[in-house]
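Could you build all of it, start to finish, from the sequences and the hints given here?
Protein chains: 2
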Amino acid sequence: MTTSTLDQPLSFQTSPDQYRHWKLTFDGDIATLAMNVDPEGGLREGYELKLNSYDLGVDIELADAINRLRFEHPEVRCLVLTGNLDRVFCAGANIVMLRSSSHAFKVNFCKYTNETRLGIEDAAENSGLRTLAALNGTASGGGYELALACERILLVDDRNSAVSFPEVPLLGVLPGTGGLTRITDKRKIRRDRCDVFSSIAEGIKGKRAVEWDLVDGTGPLSKWDEMVSTEARRMADEQPARGDQGVAFPPIEVECSEAEDGSPIRRYRYVTLAFHDSDRTCELTIEAPDACAQSADEALAQGAEWWVMQAFREFDDALLHLRMNHRDNALVLVRAKGSEATVRTTDALLAAKGNWFVNEVQHLVKRTLKRLDLTSRSLFAIADQDTTFVGSFLEIALACDRIYLLNDPEIPVHMGVTAMNAGALPMSNGISRLETRFLGEPERVSQVLAHQDREHFDAETADELGLATYAPDEIDWEDEVRLALEERTSFSPDALTGMEANLRFAGPETMETKIFGRLSAWQNWIFQRPNAVGERGALQCYGTPNRPEFNLERT
Amino acid sequence: MTTSTLDQPLSFQTSPDQYRHWKLTFDGDIATLAMNVDPEGGLREGYELKLNSYDLGVDIELADAINRLRFEHPEVRCLVLTGNLDRVFCAGANIVMLRSSSHAFKVNFCKYTNETRLGIEDAAENSGLRTLAALNGTASGGGYELALACERILLVDDRNSAVSFPEVPLLGVLPGTGGLTRITDKRKIRRDRCDVFSSIAEGIKGKRAVEWDLVDGTGPLSKWDEMVSTEARRMADEQPARGDQGVAFPPIEVECSEAEDGSPIRRYRYVTLAFHDSDRTCELTIEAPDACAQSADEALAQGAEWWVMQAFREFDDALLHLRMNHRDNALVLVRAKGSEATVRTTDALLAAKGNWFVNEVQHLVKRTLKRLDLTSRSLFAIADQDTTFVGSFLEIALACDRIYLLNDPEIPVHMGVTAMNAGALPMSNGISRLETRFLGEPERVSQVLAHQDREHFDAETADELGLATYAPDEIDWEDEVRLALEERTSFSPDALTGMEANLRFAGPETMETKIFGRLSAWQNWIFQRPNAVGERGALQCYGTPNRPEFNLERT
Numbered sequence: 137m138t139t140s141t142l143d144q145p146l147s148f149q150t151s152p153d154q155y156r157h158w159k160l161t162f163d164g165d166i167a168t169l170a171m172n173v174d175p176e177g178g179l180r181e182g183y184e185l186k187l188n189s190y191d192l193g194v195d196i197e198l199a200d201a202i203n204r205l206r207f208e209h210p211e212v213r214c215l216v217l218t219g220n221l222d223r224v225f226c227a228g229a230n231i232v233m234l235r236s237s238s239h240a241f242k243v244n245f246c247k248y249t250n251e252t253r254l255g256i257e258d259a260a261e262n263s264g265l266r267t268l269a270a271l272n273g274t275a276s277g278g279g280y281e282l283a284l285a286c287e288r289i290l291l292v293d294d295r296n297s298a299v300s301f302p303e304v305p306l307l308g309v310l311p312g313t314g315g316l317t318r319i320t321d322k323r324k325i326r327r328d329r330c331d332v333f334s335s336i337a338e339g340i341k342g343k344r345a346v347e348w349d350l351v352d353g354t355g356p357l358s359k360w361d362e363m364v365s366t367e368a369r370r371m372a373d374e375q376p377a378r379g380d381q382g383v384a385f386p387p388i389e390v391e392c393s394e395a396e397d398g399s400p401i402r403r404y405r406y407v408t409l410a411f412h413d414s415d416r417t418c419e420l421t422i423e424a425p426d427a428c429a430q431s432a433d434e435a436l437a438q439g440a441e442w443w444v445m446q447a448f449r450e451f452d453d454a455l456l457h458l459r460m461n462h463r464d465n466a467l468v469l470v471r472a473k474g475s476e477a478t479v480r481t482t483d484a485l486l487a488a489k490g491n492w493f494v495n496e497v498q499h500l501v502k503r504t505l506k507r508l509d510l511t512s513r514s515l516f517a518i519a520d521q522d523t524t525f526v527g528s529f530l531e532i533a534l535a536c537d538r539i540y541l542l543n544d545p546e547i548p549v550h551m552g553v554t555a556m557n558a559g560a561l562p563m564s565n566g567i568s569r570l571e572t573r574f575l576g577e578p579e580r581v582s583q584v585l586a587h588q589d590r591e592h593f594d595a596e597t598a599d600e601l602g603l604a605t606y607a608p609d610e611i612d613w614e615d616e617v618r619l620a621l622e623e624r625t626s627f628s629p630d631a632l633t634g635m636e637a638n639l640r641f642a643g644p645e646t647m648e649t650k651i652f653g654r655l656s657a658w659q660n661w662i663f664q665r666p667n668a669v670g671e672r673g674a675l676q677c678y679g680t681p682n683r684p685e686f687n688l689e690r691t
Numbered sequence: 137m138t139t140s141t142l143d144q145p146l147s148f149q150t151s152p153d154q155y156r157h158w159k160l161t162f163d164g165d166i167a168t169l170a171m172n173v174d175p176e177g178g179l180r181e182g183y184e185l186k187l188n189s190y191d192l193g194v195d196i197e198l199a200d201a202i203n204r205l206r207f208e209h210p211e212v213r214c215l216v217l218t219g220n221l222d223r224v225f226c227a228g229a230n231i232v233m234l235r236s237s238s239h240a241f242k243v244n245f246c247k248y249t250n251e252t253r254l255g256i257e258d259a260a261e262n263s264g265l266r267t268l269a270a271l272n273g274t275a276s277g278g279g280y281e282l283a284l285a286c287e288r289i290l291l292v293d294d295r296n297s298a299v300s301f302p303e304v305p306l307l308g309v310l311p312g313t314g315g316l317t318r319i320t321d322k323r324k325i326r327r328d329r330c331d332v333f334s335s336i337a338e339g340i341k342g343k344r345a346v347e348w349d350l351v352d353g354t355g356p357l358s359k360w361d362e363m364v365s366t367e368a369r370r371m372a373d374e375q376p377a378r379g380d381q382g383v384a385f386p387p388i389e390v391e392c393s394e395a396e397d398g399s400p401i402r403r404y405r406y407v408t409l410a411f412h413d414s415d416r417t418c419e420l421t422i423e424a425p426d427a428c429a430q431s432a433d434e435a436l437a438q439g440a441e442w443w444v445m446q447a448f449r450e451f452d453d454a455l456l457h458l459r460m461n462h463r464d465n466a467l468v469l470v471r472a473k474g475s476e477a478t479v480r481t482t483d484a485l486l487a488a489k490g491n492w493f494v495n496e497v498q499h500l501v502k503r504t505l506k507r508l509d510l511t512s513r514s515l516f517a518i519a520d521q522d523t524t525f526v527g528s529f530l531e532i533a534l535a536c537d538r539i540y541l542l543n544d545p546e547i548p549v550h551m552g553v554t555a556m557n558a559g560a561l562p563m564s565n566g567i568s569r570l571e572t573r574f575l576g577e578p579e580r581v582s583q584v585l586a587h588q589d590r591e592h593f594d595a596e597t598a599d600e601l602g603l604a605t606y607a608p609d610e611i612d613w614e615d616e617v618r619l620a621l622e623e624r625t626s627f628s629p630d631a632l633t634g635m636e637a638n639l640r641f642a643g644p645e646t647m648e649t650k651i652f653g654r655l656s657a658w659q660n661w662i663f664q665r666p667n668a669v670g671e672r673g674a675l676q677c678y679g680t681p682n683r684p685e686f687n688l689e690r691t
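Chains as they are written, first to last, in our numbering: chain X, 137 to 691; chain G, 137 to 691.
This list has only true hints and no planted wrong ones.
Pair by pair, the computed Cβ-Cβ distance ranges are: (1) G:Gln430 x X:Ile336: 44 to 50 Å; (2) G:Glu622 x X:Asp464: 43 to 49 Å; (3) X:Pro548 x G:Asn262: 53 to 59 Å; (4) G:Gln430 x X:Gly353: 51 to 57 Å; (5) G:Ser414 x X:Glu347: 33 to 39 Å; (6) X:Asp349 x G:Asp380: 50 to 56 Å; (7) G:Asp464 x X:Ala395: 51 to 57 Å; (8) G:Asp415 x X:Ser151: 54 to 60 Å.
Chain X is nowhere near these chain G residues, computed Cβ spacing over 10 Å in every case: (9) Ser147; (10) Arg156; (11) Arg180; (12) Glu181; (13) Leu221; (14) Val232; (15) Glu362; (16) Met363; (17) Ser365; (18) Pro387; (19) Ser399; (20) His412; (21) Gln438; (22) Leu456.
Simulated from the structure, these hints should not be mistaken for laboratory data.
Think of the CB as a built atom: it goes at the ideal place given N, C-alpha and C, for glycine as much as any other residue.
Right under this line is the structure:
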């Protein structure tokens, strides 16, 4: 297997005028996002993105488009996702790209595509952006998985076009971008039909696809455009409008520099990500400014400049950068600083949802925090001098594997709760971080939330409330944190990944946790198996003259 | 890595007089099962079972002991699980055994140990067999996982003894026999404490272990015996007795022969397992006899001879044999035959639970069916001539990945439902197989169950009810089944394992599904990673002069 890395650090920012793979058009309250992948537009050399197959770059544009629809186009009530190629909607993830990628890249690529698809569902649920997949041709593998992320799926009936999961029969891997989970748990298709469907490389088309509920409708080519636009119209009409005037979604700026030892530093306006390459840690700090919008109207007027939107977009970008461009980094020390009053004022606005824009920002904060939960790095919250782990910022601490709290009466450490800790920012498991933390002692959740309308509390109280993992005083602080860092970075990165994936999501399960916890874990396992990625593994052999040769042992 | 296989097929049958690793003693209504592993008693050469570490053989005896307590000793109301070594309760799975085992063996070993521990919890929940782990010394890794399967845990306070999960720090793998899931979801310990606990190789002892809820109590050596017996007495007293007189649990007999092509055949009294080595399939058939007990009393008088107990014990043994001794076998064709009247009469008795013994048998049937759900082989139910997929036998078909139903008016195929299909035999996800199958069409569950008090229905009706994956007539039957077999056995065994693990458990999640779906999947992934099993992986280096060397990339 060739392992290839990217020459340049990946950037997760783009905008419609830079899209190479999608066309976003508008017709009143209906938007159309048409997949039109540039075969030469891969993120790196070595593969051609034929037949609307995709790589990470295609998904970065998709994620951008969904965000823009939510922020720049509140007038849009229905999004039609379709393709611009003849007979093919989308062939899924590019095979040559997959097989020439390292294991770590494959896993992170799949995680990002999963997050993007869940983002489409989040837009439908929380922005009232109805989503219609109009499959103008065959949707295979990741192509059909993308359609599954939409609320409704129409498939053209041209006697050829089908939906399919050819991964198991052709590639020896899984429809792992949520595919298997969505057919069983979202569309709730009978398990034996799921089994048959996932075994038929050529897929299922026409009437049978409707009968098995793989798609919601089908129509002949002659009536296709009309059928799609009627359906989109119907869906849009069901939906109340969110707003008239959108908010621009400008690029976020980052200043890159180097520390004395050469470790990179990324400085955004409210977020800093500073690496310490020597010990494989980094410091991720978010800071609230002194002044902020005092009303939902003022927030809307500020738009993307509203500090909390900007800060969490930066935080999100920092996480993606960390995941993809610094894979050897083991441990993130997370801090939150700045004005408590700003956080409290802002959280109150987010909770009141005074207008569509504030609602969008709340969900952006929620998604960013979920991205943190799902980041496969050890996360230690560091609550030391001048820390402001309050409200939305407290959620960041609660997302961490541990919370180190400096408990010294001389040194101010601000911890506190707001309405944002009471369920407005749920984890993938559907409950709040406090509820997850105190699964065994639910009374503690109310004890913590009782501080909601009060001032911050000090370290001593925070510790009594159960918010600290360790709360050493100043004398022990430095040693304790240092030893913890040394210990953590000495462990097997894989064992930590597995451990964290299991410990972070106690309690209920959702489609989301099933996708990340079960489906992805099996896919990652398969991505390591010689039957997929060995010299004669199915993924390696596909499209070559070689036939796969399997080790037949069942595990 | 050395891959070793067993010279002889493994047997899963044993009895207390053959135990090498446990001592089972009785004192009225309290039983004590003391771990006393014979270091020389490993299942194969190459490792010594020091410090009460275990291999599969130790767990086979444990599973046997739990079954015997349920059937032979209904007078027992509390089981004390303890150790006979000084200062050590149990050191967990034997490391040398693990590292010298093939991947497939490791995975199947872990699955069996998980099933056994869940069996302990099932006994507590459904037989009223209270369980108390009396940790007379350190319980590490799998040793503590075993304790976690008990309702209550006491730990001796001798200043040395601790509970610990040293897997991540020392071995680069997970506490994967349910460990991580049980601390977060059963004991509901705070996630950051779980993180700390799973990082401290030496574990946590004394007061802190109680404070963190890792154990329920601790006491000094001088008062240890008294403390344990007081607690056991208290637990037993809370529990009503089940019965006075047990039912013997004799060995089940199997006759091994060979087919003409040399493929092995195992014939039990009611079950046959016939291999077709040439195409890597096998036929697993269960058959109901013509006559059967007509009342719960009669069933109790027959004891282990009651056909349904015997038949499902045989079925269970066949599954274990298939899993461990025929790992290249890809696809099981499952049939159920025999007297429908017998199945109906028996199911009615099982549903009525007329006495403790009938209740035990019902749970044995339930556990066997769960073992089938969790068997990592493709399962096709074959409903052809003279099939009796009725009631408990219908559950077998519903556990399969597909159901092939011969739909020909000339050929009788009996399908039918009884009370056993209405929730009495839940899957690991906590709901019935019908509810799981029709997750998206719950009204179909009642349509099927409406046939409960009627005669069987024919193939046509079964198909209309949604019980068939394919229902060809006689003309197409042979070709269709043959092609399906050929297709299935051509797929990557690993892709099938992952696909089936995802498709079989739609709907709600439980601790059980989390253990098998999430924790096990991550563990299996780690068991493939060079950081664990490579030449310089942690599992390989442990106990040798070599220090592990990690690939530091996070996935």
